[in-house]
Amino acid sequence: MTWLRWLAAGLAAAFGLGAVAQASPLATIKERGRIIVCANPNALPFAAKDGPRRGIELELAEALADQLGVGLEVGWVIFPYHVSRVDCDIILDSIADAEVQTARHVRLSRPYQRSGVILATRPGLPTVSGISGLAGLRVAAMVGSVAQVYLGRQGISTIPYTFEDEMVAAAGSGEVDGAIVSPASVGFYNLTHAQSALGVAPIFDGVPDLNWSVAVGMRKADDALVDSINAALDKLMADGTVARIYASYGIEHRAPAQ
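Position in the sequence shown counted from 1, then plus 321, gives you our numbering.
Just so you know, these hints were derived from the structure itself, not from any lab. Check before you lean on any hint, since a few could be wrong.
[Said to hold, decoys possible] Derived DEER-like restraints, expressed as beta-carbon distance ranges:
1. K351 to G454: 52 to 58 Å
2. D526 to D548: 31 to 37 Å
3. D408 to N532: 31 to 37 Å
4. R575 to G465: 24 to 30 Å
5. V407 to V470: 30 to 36 Å
6. G390 to G476: 52 to 58 Å
7. E496 to R353: 46 to 52 Å
8. D544 to F400: 26 to 32 Å
9. A552 to P373: 27 to 33 Å
10. S450 to T349: 48 to 54 Å
11. V470 to A518: 25 to 31 Å
12. A552 to A515: 36 to 42 Å
13. R474 to F400: 27 to 33 Å
[Said to hold, decoys possible] Straight line, CA to CA, 30 Å or less: simulated BS3-like cross-link-like pairs of lysine-lysine:
14. K351 to K556
15. K370 to K351
16. K556 to K370
Think of the CB as a built atom: it goes at the ideal place given N, C-alpha and C, for glycine as much as any other residue.
From just these sequences and the hints, can you work out the full model?
Printed below as a string of structure tokens:
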């Protein structure tokens with residue numbers, strides 16, 4: 322599980338607290354003059370508090386805010402339980418999970434990006450064509466992640482890591498042969514390390530639990546906010562804004578089937 326998926330799973334539960342009784346309708350956000358997004362302060366390419374790049378989530382959130390005619394405020398969170406402190410309205414890259422929708426823990430927009438995990442390989446490593454090709458390699462995986470558990474069941478040992486940026490750096494230096502990470506982390510690493518780019522092997526394409534789509538999660542939203550976010554996303558996808566934001570971080574925009 323990437324940091325992003327771990328956080329989104331926790332936020333789904335946190336977002337659900339008081340969702341019906343304390344709705345934050347579009348009118349309230351417009352009256353306030355800003356929409357509040359939750360983001361991690363140190364998680365490029367997704368978000369960052371300091372430095373020249375804000376991250377995909379914040380650039381997309383700003384574009385959505387512009388479409389709604391309001392400003393953007395960022396509520397910085399590291400752990401899911403921080404959400405209630407900042408009382409944010411939305412989180413980008415929420416996992417589009419039907420069970421979450423059914424439970425009404427969080428209202429979701431239409432998905433805007435396909436994601437999951439892939440194998441990033443150290444420079445010079447021959448192409449790995451399947452999961453069986455991992456045997457005998459030093460493979461980094463997020464500790465306790467679905468990917469780590471899945472590979473364990475296939476008889477593949479992994480080296481536990483806590484953060485994706487550490488995993489891609491380890492692959493780049495040759496400390497490990499490969500790392501199970503998100504396409505976003507690989508794309509951003511390769512953008513900033515063009516002379517020692519990592520290889521990419523989509524060996525998990527046929528594993529449903531390791532592939533998903535992401536959407537805008539909305540906390541305590543009414544129908545008007547959901548409809549407005551969907552309309553804004555449709556426009557930003559149609560005019561190429563979403564694709565340009567992803568491309569600026571070295572990441573391909575892969576629109577989900579609607």
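- Query: Among all the numbered hints in the text so far, which are the ones the structure does not match?
  - Reply: When the structure is compared with the hints, none of them turns out to be violated.
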